[in-house]
Amino acid sequence: MKPSSFEYVRPESLAETLDLLHQDPEESKVLAGGQSLVPMMNFRLARPSRLIDINRVPGLAGTRVEGDRLVIGTRTRHLAVQNMSGADPLARLLRSAAAHVGHLPIRTRGTFGGSLAHSDAASEWCLIARLLDATMVVESRARGRREIPAADFFLSIFTTAMEPDELLVEVSLPRLGDEHRTGFAEFARRAGDFAIVAVTTDLAVEKGVVTHARVCIGGVADTPFRSGAAEATLVGQRLDDDIATSPLARAAAEAAASEVDPPSDAHGDAPYRRDLVRAMLTSSLAQGVAR
Amino acid sequence: MIGESLQRVEDPVLLRGQGRFAADVTLPGQLHMRVVRSPVAHGRIRSIDTSAARALPGVAAVWTHDDIADLPPIAFRLTPIESMLPYRQPVLARGRVRYVGEPVAVVFAESEYLAEDAAELVDVEVEALPATVDPTGEPTPWLDAEEVAWTAVEAADGAGRDNESATIHLEYGDPDAAFAAAAHVFDVDVRVGRHSGVPMECRGGSAHVDAATGVLMVNGAAKVPFWNRDAIAQMVGRSPHEVQLIEGHVGGGFGPRGELYPEDVLVPLATIRLGRPVRWVEDRQEHLTTCNHSRDQRHRLRAAVDETGLITALDGEFWADQGAYVRTHGATVAGLTASMLPGPYLLPSYRITGHVRMSNKTPAGTYRSPGRYEGTFARERLIDAIANGLGLDRIELRRRNFIPADAMPYRRPILAMGTELVYDSGDYALLMDRMEETFDLPTLREEVAARREAGELVGIGYGWFVEKSGLGPSEGARVMVDTGGSALVTTGASSVGQGVDTVLSQVVGEVLDLDLDRIRTVRGQTEHFNYGRGAFATRQSVMVGNAVLESALAVRAKALRVAAHHLEIDEADLELVRGRVQVVGTPGTGLGLGEIAALLEPHRAKAIGEEPGLTCDGWFHSDHMTYPYGVHVAVVQIDRGTGKPTLERFLVGYDVGKALNHLLVEGQITGGAAQGIGGALYEEFRYAEDGQPQATTFMDYLMPTMAEMPEFGVLVTEDAPSPLNPLGVKGAGEGGTTATAAAIASAVDDALSRPGSVTQTPIRPDLIRQLISEPGHEQSPNQKEH
Chain W
1 MKPSSFEYVR
11 PESLAETLDL
21 LHQDPEESKV
31 LAGGQSLVPM
41 MNFRLARPSR
51 LIDINRVPGL
61 AGTRVEGDRL
71 VIGTRTRHLA
81 VQNMSGADPL
91 ARLLRSAAAH
101 VGHLPIRTRG
111 TFGGSLAHSD
121 AASEWCLIAR
131 LLDATMVVES
141 RARGRREIPA
151 ADFFLSIFTT
161 AMEPDELLVE
171 VSLPRLGDEH
181 RTGFAEFARR
191 AGDFAIVAVT
201 TDLAVEKGVV
211 THARVCIGGV
221 ADTPFRSGAA
231 EATLVGQRLD
241 DDIATSPLAR
251 AAAEAAASEV
261 DPPSDAHGDA
271 PYRRDLVRAM
281 LTSSLAQGVA
291 R
Chain B
1 MIGESLQRVE
11 DPVLLRGQGR
21 FAADVTLPGQ
31 LHMRVVRSPV
41 AHGRIRSIDT
51 SAARALPGVA
61 AVWTHDDIAD
71 LPPIAFRLTP
81 IESMLPYRQP
91 VLARGRVRYV
101 GEPVAVVFAE
111 SEYLAEDAAE
121 LVDVEVEALP
131 ATVDPTGEPT
141 PWLDAEEVAW
151 TAVEAADGAG
161 RDNESATIHL
171 EYGDPDAAFA
181 AAAHVFDVDV
191 RVGRHSGVPM
201 ECRGGSAHVD
211 AATGVLMVNG
221 AAKVPFWNRD
231 AIAQMVGRSP
241 HEVQLIEGHV
251 GGGFGPRGEL
261 YPEDVLVPLA
271 TIRLGRPVRW
281 VEDRQEHLTT
291 CNHSRDQRHR
301 LRAAVDETGL
311 ITALDGEFWA
321 DQGAYVRTHG
331 ATVAGLTASM
341 LPGPYLLPSY
351 RITGHVRMSN
361 KTPAGTYRSP
371 GRYEGTFARE
381 RLIDAIANGL
391 GLDRIELRRR
401 NFIPADAMPY
411 RRPILAMGTE
421 LVYDSGDYAL
431 LMDRMEETFD
441 LPTLREEVAA
451 RREAGELVGI
461 GYGWFVEKSG
471 LGPSEGARVM
481 VDTGGSALVT
491 TGASSVGQGV
501 DTVLSQVVGE
511 VLDLDLDRIR
521 TVRGQTEHFN
531 YGRGAFATRQ
541 SVMVGNAVLE
551 SALAVRAKAL
561 RVAAHHLEID
571 EADLELVRGR
581 VQVVGTPGTG
591 LGLGEIAALL
601 EPHRAKAIGE
611 EPGLTCDGWF
621 HSDHMTYPYG
631 VHVAVVQIDR
641 GTGKPTLERF
651 LVGYDVGKAL
661 NHLLVEGQIT
671 GGAAQGIGGA
681 LYEEFRYAED
691 GQPQATTFMD
701 YLMPTMAEMP
711 EFGVLVTEDA
721 PSPLNPLGVK
731 GAGEGGTTAT
741 AAAIASAVDD
751 ALSRPGSVTQ
761 TPIRPDLIRQ
771 LISEPGHEQS
781 PNQKEH
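In order, the protein sequences belong to chains W and B.
At position 202 of the first sequence (counting the first as 1) the number is 202 in my numbering, and the numbers step up by one without a gap.
At position 696 of the second sequence (counting the first as 1) the number is 696 in my numbering, and the numbers step up by one without a gap.
Chain W with its partners taken away, still in its complex shape:
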C-alpha cells in the first residue's frame, strides 16, 4: 500500500501550473484534495510520474455570483459547499447533495472540481452538474480557456472531455428562481458510502403545474444519466401536495426505471437498481415539494 516513485511539485500560480501540465501532460496528475487519487496511488492503480499539487495556487477556491450564474472554484472543498449560505433552491440543493459526500474528513479535504474531474458516474457533483447543465471552464497553456457543457464533459467512468494538459478551473451553474423545486436522494448501504443509486431532480412549477423538469440518475450508467422519459412524464402535469404517493411520481419513477439499463454487480443487480431508481426518484421529488 505504498505508491510507486513520483516527483512532487507545488506551483504557486495558475500559470506555473499550466506550464507544468504542458511539459508532461500524459504522466502528470493534479493533486487537490487527494481523496480518490492518493488511495489509487497507494494501491498502485494510478502511477503518475509527477504530482502537481495545486493547493497553494491562489484564486482556485471559493464561490461567486455572476449575474444569473453561480461560479464554483475548482478547489472549493465539499465542506465549503455544504456550509454555503442562501435560501434559494440552488443553494439548498448543493447543501443537501454535499451532505452525502463521504464523511466529514473527506468533505474537509476533498474538492468540488476534483470530484468532477474524477468523473465517477455516481458522484454527487457529477449528477448536479449534469442535472443543471453546468458549464465547465478548463484552461491550458496551449489553448487557453474553453468551456465544456456538462452534457459533453463526462465521457465514461474516470474519463472526461478534458485534454491531459488542461486544468478544470471553475464550474458555472445556473441560479434557480423560487419556482424551482429541487431534490437529491441517494441510496447507500452505510452512511457516507458511495451511492449505489442516486437521483437528483429539478422541477420548475408555475401555478401548480410542472413547466420544466430535469431528472438525473447516478449508478445506472457510465456517466450521469438524464432521464428524458421521466422528464417528459413530469412536464405539463399538476403536482400533488402528497407527491410521494401520487400517480405522477409513480409514473415518473416507472418511466425512469424502464429507461435505464443499469449494471449488475456485488452491490446490486439490475432489477434491484431499477427498484432503487423508483424509490430515490420518488424521494427526490418529495423533497422538492416538502420544502
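One should not assume that every hint holds.
As the list claims (entries may be wrong) - Some chain W residues judged to face chain B by a derived CB distance under 10 Å, without partners named:
#	residue
1	K2
2	P3
3	S4
4	V71
5	G192
6	P271
Stated by the list, open to error - Ranges of calculated distance between the beta carbons of each label pair, as one might list FRET restraints:
#	chain 1	residue 1	chain 2	residue 2	range
7	W	S264	B	E396	41 to 47 Å
8	B	S773	W	A99	27 to 33 Å
9	W	A99	B	S111	39 to 45 Å
10	W	D133	B	T443	30 to 36 Å
11	W	A99	B	P130	44 to 50 Å
Since the hints were made in silico from the structure, they are not lab data.
From the three backbone atoms N, C-alpha and C, an ideal C-beta is built for every residue, glycine too.
Following the hints, complete the assembly by docking chain B onto the known chain W.
Just chain B now, kept in the frame of chain W:
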C-alpha cells in the same frame, strides 16, 4: 473493588497516542518484508522469476518455496484432528496456489517502498485451474498423493484426498425413534455468510537477534505468545528460551489476530538467515484477503416435536467452508458448532454431522463466538419455524424447551473442546423474566404491533443462546509486593485490548486493599513468565483471574503471618486495610505491605523461616468450561422501496455469573453486538465464480460504523455464578455477538409478516426488497405434515 465500574487502567496511554502497537516498533538497520501473493484462486505454479527483483538496488533477498523447503507447515494449536494434517498451509506456496492472496514469494528490502517495487518485479507464472467457491455439494478431489506425503509426514498412504478435511459427528439419545414418534417435524436450510473479525490494527511484527545475548526477539505478538514462541522456536531450530516474544498494545483480536501465520514465521526466520532486523506490517488489502476468514456455514436441520411443543430431537448436517488450508485452529470452529448447537434447550436426542470442506477462498479460523454464531442462527431459525408452525408465541415455545434451573448442572453427553459438556449453572426463564421487566418488552411489542398495523414494516425478533467460556486447563500468576508497597502482577495472560490489565488489577486491589495505581500488570512477555494458554475462548477472566486471586490471597496470608510474627500479635487480631496490616480497627498501627516486604529480604526471611519476598505464585486449573447464557432482542424497521433494514433497538440480556467490572462487561457486550450486527447486515467476503474475492477494501467489505448502530440496551445479570471457580465468574467476551444474526433475522421475518423468509446472512437490502416484491405467503414453508 471487584464488580465496580472502574475506568480502564489501560486507557490514559492509549488516549494520548502513546501506545506501542506492532508498527510502532522500528529497529535500526531493519529490512522490510513484502509478500508476493497469488493473483489467482487456484493454479499450478509454472515458474517464478525473481531475477529482476533481486537486481533492484536495495533488495537484500527474495525467497520462494525452494528457499525455505526445509520448513514444515505450521502446526495445529487447537482441535488437532489427524485427518486434517495434509491440509495445512506451506509457509510459501509449493507448486500450487489455492487462494487469491496466498504467499508465493517474499521480498526483503531497505524500505517499504522498495520492497513493494521489487515485489511487483517478481514474475509468477501460474496455470489457472478451476476454482471451488461453493463446497457444499459432493466432495471433490483436493490434494494429490505427493502433496499429502509432503504435508502430513506420517499420514501418507499413497492416496490423494478430497476436499472434506474432517467430518465431525456427535450423537446422543435416540433421534430415529424420536422422529418416528414425532407429532410434527420442521426443517430449515440456512446459510451464514463469510465474514470475520477485522481489527483496527492489521497484523505485523518485527524481529531481531539481540547481539549481546543471542536471543531472538520477536515484537508484535498477540493472543497466544507462549504457544507461538514454542512454535517459532521449533520451526527456526532453537530452544524456546532462545526466543522471546513481546506483546505490546494490540488493536483488537477477535480470533484472527495473533494466530501464527506464514508471515509470522518468515519474519524471524529471515532475521536469523539474513543477519538483519526484519519488519513486516500488513496493509488492509492484505488483511482482508489473507488473515483468517470465518463463519460461512450452511445448515440443514430438522426437529422432532411433540403435541405440547417439546422438541424431542434435533438432527442435521452442516457444511463449514474452511477455505484453502487448515490453519492453527484445526477443527475448532466446526467442533464448537456441533457441540454448542443444542443451546439452552433440553433436546433429549441429538445428532449432527459436520463437514469441513476446502474451497479456493482465504483460509478460515475462529471469530468471536465461533461456531455458536452460526449454529445459533440456524437453530433459532428452526425454533421460530416451530413456533410459527404450531401457532405458539416465539418466547413461549422457548420457555417450554429451556433446560430448567433445577436441572443444573446439566450434563449433555457430548464433548466441547475436549471437555465434558456440563452446563454449570443457569436460570434461563429468570433471565427472560428480567428482560421483560427491565426493557418493558410487553409495551415494546404493543408499539411494534401498532406501527405495523399503521402500515410500517417493523418487527421484533429474539435469539436465545448459551455461550461457553473459561477453557482450561491451567493459568498461573505471581503477585509480588515490593518494598515500596506496590504490587507487580505477572501472568501468562494476553491483552488484545479487552481490559485484562484492569480486571486483574481489580482482583489484586480487592484482596490487598490497594488502589489500582499501586498495581502494575505484566502480561504477554515470554521472558517474564513461563506459561500462558492465551487470550481466546473467553478464558482470561475465568482462568487468569482466579489464578491471580489465588496468588493475591497467598500474599495476603503471608503478609498477615509475617506481621503477626514481627509484631508478636495473634494473626486473628490483625487485618489488611489500605495496603497496611494493622491491629483490627486501629488505623496507624502495624506494618505497611512495603515494610513487610522489607522484612522478607532473603537473609531476614531465612531467619524467620519464610521464603524470600512478599511474593506468591498461584495457579488455577479447570477441567470444565463455564456456560454463560443470554438473549438478544432486535427491533428492525424496513423501507419498502429499497428494502433497507434499519436496526432501531438492540437489547442484550446476559448472565456472566459475576461481573469483575460492569463497565467493561457492558463494553464487551456492546462491542460484540456491533460485530455481530456487522455480520448479520453488512459484512461479507463475497467471491466471484472464478474465486476472485469481491471485498478486498473497506469500500466493498462493509464494516458498520457508528451511524449504523442501534440504540443499545444491556442487562448484565449475576443470577447464576459459576460453581467451578472461586470468583464465580463466567466470561463476557462473546455473548454480545452470539445471537445477533438470529434475533435480527427473526425481527425481519416479523416486520415482513413472513416467518421463515430470512434464510441467509448478511440480510442485504436487495434480498429483503426481493422478499417484499414476491407475492407473500402467510404460512411458513418449513412445516411438513407428519
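Going through the hints against the structure:
1. At a threshold of 10 Å, the smallest CB-CB gap from K2(W) to chain B is about 5 Å, leaving the interface hint in force.
2. For P3(W), the interface hint holds, since its Cβ comes within 10 Å of a Cβ in chain B; the closest pair sits about 8 Å apart.
3. For S4(W), the shortest C-beta to C-beta distance to chain B is roughly 7 Å, which falls under 10 Å, so the interface hint holds.
4. Because the beta carbon of V71(W) sits about 32 Å from the nearest beta carbon in chain B, more than 10 Å, this interface hint is broken.
5. The beta carbon of G192(W) comes within 7 Å of a beta carbon in chain B, closer than 10 Å, and the hint placing it at the interface holds.
6. Checking P271(W) against chain B by beta carbon gives a least distance of about 8 Å; that is within 10 Å, so the hint holds.
7. Range check, S264(W) to E396(B): about 44 Å between beta-carbon atoms, so the 41 to 47 Å window is met.
8. Separation of S773(B) from A99(W) is about 30 Å and conforms to the stated range, judged on CB atoms against 27 to 33 Å.
9. The hinted range of 39 to 45 Å is satisfied by A99(W) and S111(B), whose Cβ atoms lie roughly 41 Å apart.
10. Between D133(W) and T443(B) the CB atoms are about 54 Å apart, so this pair departs from the stated range of 30 to 36 Å.
11. The beta-carbon spacing between A99(W) and P130(B), approximately 47 Å, falls within the hinted interval of 44 to 50 Å.
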